[in-house]
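Visitor: As a plain string of letters, each chain reads:
Protein chains: 2
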Amino acid sequence: MKTAITQILGIEKPIFQGGMAWIADARLAAAVSNAGGLGLISSINAGTRAVREEIRKARELTRKPFGVNIMLAAPNAADIAALVVEEGIGIVTTGAGSPAPYMEAWKAAGIRVIPVVASVAYAIKMQELGATAVIAEGAESGGHVGDTHTMALVPQVVDAVSIPVLAAGGIFDGRGAAAAFMLGACGVQVGTRFLSAEECCVHPVYKERLIKASDIGTMVTGKSLGDAVRSLKTPFTKQFAKMEAQGIPADEIRAFGTGSLRKAVFEGDLSGGSFLAGEVAGMVTRIEPAAAIVEDIIGGAEKLLQNPGVSF
Amino acid sequence: MKTAITQILGIEKPIFQGGMAWIADARLAAAVSNAGGLGLISSINAGTRAVREEIRKARELTRKPFGVNIMLAAPNAADIAALVVEEGIGIVTTGAGSPAPYMEAWKAAGIRVIPVVASVAYAIKMQELGATAVIAEGAESGGHVGDTHTMALVPQVVDAVSIPVLAAGGIFDGRGAAAAFMLGACGVQVGTRFLSAEECCVHPVYKERLIKASDIGTMVTGKSLGDAVRSLKTPFTKQFAKMEAQGIPADEIRAFGTGSLRKAVFEGDLSGGSFLAGEVAGMVTRIEPAAAIVEDIIGGAEKLLQNPGVSF
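Chains as they are written, first to last, in my numbering: chain A, 1 to 312; chain B, 1 to 312.
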């Protein structure tokens, strides 16, 4: 499938793997890139040195393009911003903040910058900064979420900018990807489904809970703290929501949440862990190789777009 | 465009107009039906007698099929349930409750029953009750909302039932409709965009506010009351949300909200009115005839599905 984004980045298939904190490592990113998509390594890992190691490891595992996702609100953002230049990374996706302080250095190094955006205003701002494309992420997605959802967000972003737009949030299979193309996207970013990849490092309990989740299996917490996050409904998220409803001081709630993603990813701890996941968690039924996931999504979308099953 | 739902109902275009309380009247329903879609008259109106009058008026305005949307939680539900049989209505959509008590009488009268559902479990229940189809409504929509959004909800409902599924929530133009078809829907229900129809009775201020709304122009209130509703951000909704955050007793908040939809629809009252609208409010740019809206959505979807703009 050829779209604006496959041509700009030199990838075979218009699919990015989400740059999931503590999860998106060399093994997963390389598997996605080897399957023709764009793998991403997260900047949120066991320190900046670990990110460099993952990049080098990914280079051993694939000769195809992959990128680094930089969480700009994190304390190590400036270090990672320099690191991607040093390591000769060609593609950077960004989230949780503005890449403005780093754009000049990145552009000088020939890096393609593709920010994740949750609103039209932010998409326009990113275009003005020189972004190559934007990923319009609907609040169906797992992790940090905005207010608007994919069906409504993507066409509004497409209408507002002239750079290519990818869609994220609510995309599980060929149906979601084909829908994203109809909304005007030239590619998709998928997070939740890659959590169930064989090559994904999350704890077996994390994968089990994804497989067990229903269509109403996720919830958003943290809105009252200005930090809305979607995750699987677990004893932890219910307790978190209860603390918010009870008006417990923000500092106390934040302390309760500290380290919760790591507890989910590495320990599968249901009472202390935050199992970030999007609304499509209910569609996960099995663990499979990343390449099978890429093929199901993009191959499925191709089939649907070639034969939409509606007669005129 | 021919789909399962156009064939079952004998309509030309696979588009339903939402059965918006206090808004969906004979004039709007007839305009949509005359354009080839399915117009709906709301059961929430100035009393049961007024609903009968609207049905009779619609019969004068169109010879094409139209239906009645019944809000089952309303005190007049049983009266309306009997009225649609008496009036020989062929198609009923339902919301906010179970149609179980009325199914036998409706089926005996040959009425096609199409409930609005917000979850897989409810869709399955409606299929078991003998529904002709279901409308899977994502929480992007205006008015009462569930937890899951269109991109994730529709394919999960499609996988769970064997009856036809329509999609609602987040559908504004041909892009949204084409996306809905890709997700497996055989038709769409559109509410927010029809608020901007020339034939729609809402106060001019309501239409103006829709035109001015941005992509982040709506919000959900009432979640803490177990009654989540999406509407335009106004002084009223901000006050409502503040009362919820402050933990003000539910009865007091409900009293503040009583009659607020009518104040929006008939008076355009920004401090006391609840301007129900979906996330696509940001896409409304003008007032136009219902027929132009139907043509833009379905004609636009046809064009996109015939030429998806992706090369293989």
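Each hint should be verified, as a subset may be incorrect.
Identical copies go unnamed one by one, so any copy, or any two together, can satisfy a pair.
Straight-line distance between alpha carbons at most 27 angstroms, and here's what the computed DSSO-like set of lysine-lysine pairs gives [claimed, not checked]:
hint : residue 1 : residue 2
1    : Lys223    : Lys238
2    : Lys212    : Lys125
3    : Lys223    : Lys233
4    : Lys207    : Lys238
5    : Lys223    : Lys242
6    : Lys242    : Lys207
7    : Lys233    : Lys107
8    : Lys212    : Lys223
9    : Lys238    : Lys2
10   : Lys233    : Lys125
If you're looking for bench data, these hints aren't it; they were derived computationally from the structure.
Visitor: Each hint should be assessed against the structure and marked as holding or not.
Guide: Hints and how they fare:
1. In this assembly of identical chains, Lys223 and Lys238 lie within 27 angstroms of each other by CA distance both inside one copy and across copies; the values are 14 angstroms within and 15 angstroms between.
2. With identical chains, the CA atoms of Lys212 and Lys125 are at most 27 angstroms apart between copies only, with a shortest distance of 20 angstroms across copies and 40 angstroms within one.
3. Taking the closest pair of Cα atoms, Lys223 and Lys233 come within 27 angstroms of each other both inside a single copy (15 angstroms) and across two copies (17 angstroms).
4. Taking the shortest alpha-carbon separations for Lys207 and Lys238, only the intra-copy value of 20 angstroms comes in at or below 27 angstroms, while the best inter-copy value is 39 angstroms.
5. In this assembly of identical chains, the alpha carbons of Lys223 and Lys242 lie at most 27 angstroms apart whether taken from the same copy (12 angstroms) or from different copies (13 angstroms).
6. Taking the closest pair of Cα atoms, Lys242 and Lys207 come within 27 angstroms of each other only inside a single copy of the chain (25 angstroms); across copies the shortest separation is 38 angstroms, beyond that limit.
7. Proximity of Lys233 and Lys107 under a CA criterion of 27 angstroms is satisfied in neither setting, with 41 angstroms inside one chain copy and 39 angstroms between copies.
8. In this homomeric assembly, Lys212 and Lys223 come within 27 angstroms of each other (Cα to Cα) both inside a single copy, at 26 angstroms, and across copies, at 26 angstroms.
9. Within a single copy, Lys238 and Lys2 get their C-alpha atoms no closer than 43 angstroms, and across copies no closer than 45 angstroms, so neither meets the 27 angstroms cut-off.
10. Taking the closest pair of Cα atoms, Lys233 and Lys125 come within 27 angstroms of each other only across two copies (23 angstroms); inside a single copy the shortest separation is 34 angstroms, beyond that limit.
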